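Novice: Sequence:
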Amino acid sequence: MEKVTLTPNGEKYLVLEAECITPDNFAGRTLEEIADMQVWEGNTTHRLGKFFDISGTTAATAEEQAIVINGSVPRVKYIGSKMAAGAILCKGDVDMYCGAWMKGGSILVKGNADAFAGIQMEGGDLVIEGNAGNYLGAAYRGDWRGMKGGNILVKGNAGCDIGEYMIGGTITVHGNVTINAGIHAGRAVGAKEPGGKIIIHGNAESRVGAQMTRGTIYVLGKIGNMMPGFALKSTEEVEFDGQKMLFNVYTGDRAEAGKGTLYVKS
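In the working numbering, the protein residues as written are 4 to 269.
FYI, nobody ran anything at the bench for these hints, they're computed from the structure.
Predicted, not measured: the structure shown is a model, and the values here were computed from it.
Certain hints may be false.
[Claimed, not checked] Taking CB as the label site, the calculated pair distances span: (1) 48 with 244: 45 to 51 Å; (2) 13 with 60: 23 to 29 Å; (3) 158 with 236: 43 to 49 Å; (4) 239 with 44: 50 to 56 Å; (5) 177 with 60: 32 to 38 Å.
[Stated by the list, open to error] Derived pair list, reagent style DSS-like, types lysine-lysine, alpha-carbon separation capped at 25 Å: (6) 225 with 262; (7) 53 with 94; (8) 247 with 106; (9) 200 with 225; (10) 94 with 15; (11) 158 with 247; (12) 236 with 225; (13) 225 with 247; (14) 200 with 262.
C-beta atoms are modelled at their ideal positions from N, C-alpha and C, and glycine is treated no differently.
Start from the sequences, fold in the hints, and give me the full structure.
Specialist: Put into structure tokens, the structure is as follows:
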């Protein structure tokens, strides 16, 4: 793949909205054209090149285009938003909406990602090696359709409301999550659709699967407060990473006549 590198140049800013940082937008353009792309700071637009030194080579197509952000950018939003192909590597932290509405390709964040990462994602792979904020893989504010496809992996902890209104795809969190994991999951799912999957390797505080109607949630740690709308159905042996584990299997949320499945390690 051809690679374009964005290196923060030390120029001061409050918060940038940089939807332009995608392989789809960079492919087929010159470095000068990329530098001239517009980013928002509040109600003011600036050139992308005002804040980043831009080097490398562009590809003819998005599938062949890689982008490297060579540093931490914890106040740059929308990196990889709506991307459909290619690859992005962020060598540090990123702000909100990383990988939002993503349809394909891959994003690797070597640090933390703020809220709304991967919201309404339809395809591709988003890997966050640090922690993720609230509303990971959830629906946009006011919408009732969340993540539809693709894969999100968080190697650290995640905040609240992950997988809200989830329709499809997989979210895996190696650490702990706070409240409302999988809330409303499956509510927009058709009768033949699975509703998505959430795997939590650590602990979850409370309200896991609240109001879910379809889909599957695995919790390998402990749930602080179990929702009363889930009924114990059976005990099953499930294999994770080559190791067989025993799970208590619940169905619910019965308050919504739900058919979701919650696996809690026994």
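Novice: With reference to the structure, classify each hint as holding or not holding.
Specialist: To see whether the hints hold, each was checked on the structure:
1. Separated by about 47 Å at the C-beta atoms, residue 48 and residue 244 satisfy the suggested range of 45 to 51 Å.
2. Range check, residue 13 to residue 60: Cβ separation about 24 Å, and the 23 to 29 Å hint holds.
3. Remark: the range hint 43 to 49 Å for residue 158 to residue 236 is contradicted by a beta-carbon distance near 31 Å.
4. Between residue 239 and residue 44 the C-beta distance comes to about 52 Å, which sits within the given range of 50 to 56 Å.
5. Against the hinted window of 32 to 38 Å, the Cβ-Cβ separation of residue 177 and residue 60 comes to about 35 Å, which satisfies the hint.
6. This hinted pair checks out: residue 225 and residue 262 have alpha carbons roughly 22 Å apart, not beyond 25 Å.
7. Among the hinted pairs, residue 53 with residue 94 is consistent with the structure: their alpha-carbon atoms are about 20 Å apart, no more than 25 Å.
8. Distance restraint check for residue 247 and residue 106: the Cα-Cα separation of roughly 33 Å exceeds the 25 Å cut-off, and the hinted pair is therefore not satisfied.
9. For the proposed pair residue 200 and residue 225, the alpha carbon gap of about 18 Å is at most 25 Å, so the pair holds.
10. Distance restraint check for residue 94 and residue 15: the Cα-Cα separation of roughly 19 Å lies within the 25 Å cut-off, and the hinted pair is therefore satisfied.
11. Our distance criterion of 25 Å between C-alpha atoms is met by residue 158 and residue 247, whose separation comes to about 21 Å.
12. Proposed proximity of residue 236 and residue 225 is supported: the alpha carbons are some 18 Å apart, at most 25 Å.
13. Among the hinted pairs, residue 225 with residue 247 is consistent with the structure: their alpha-carbon atoms are about 17 Å apart, no more than 25 Å.
14. Between the alpha carbons of residue 200 and residue 262 the distance comes to roughly 13 Å, so the proposed pair stays at or under 25 Å and holds.
Consistency with the previously given hints fails for numbers 3 and 8, ordered from lowest to highest.
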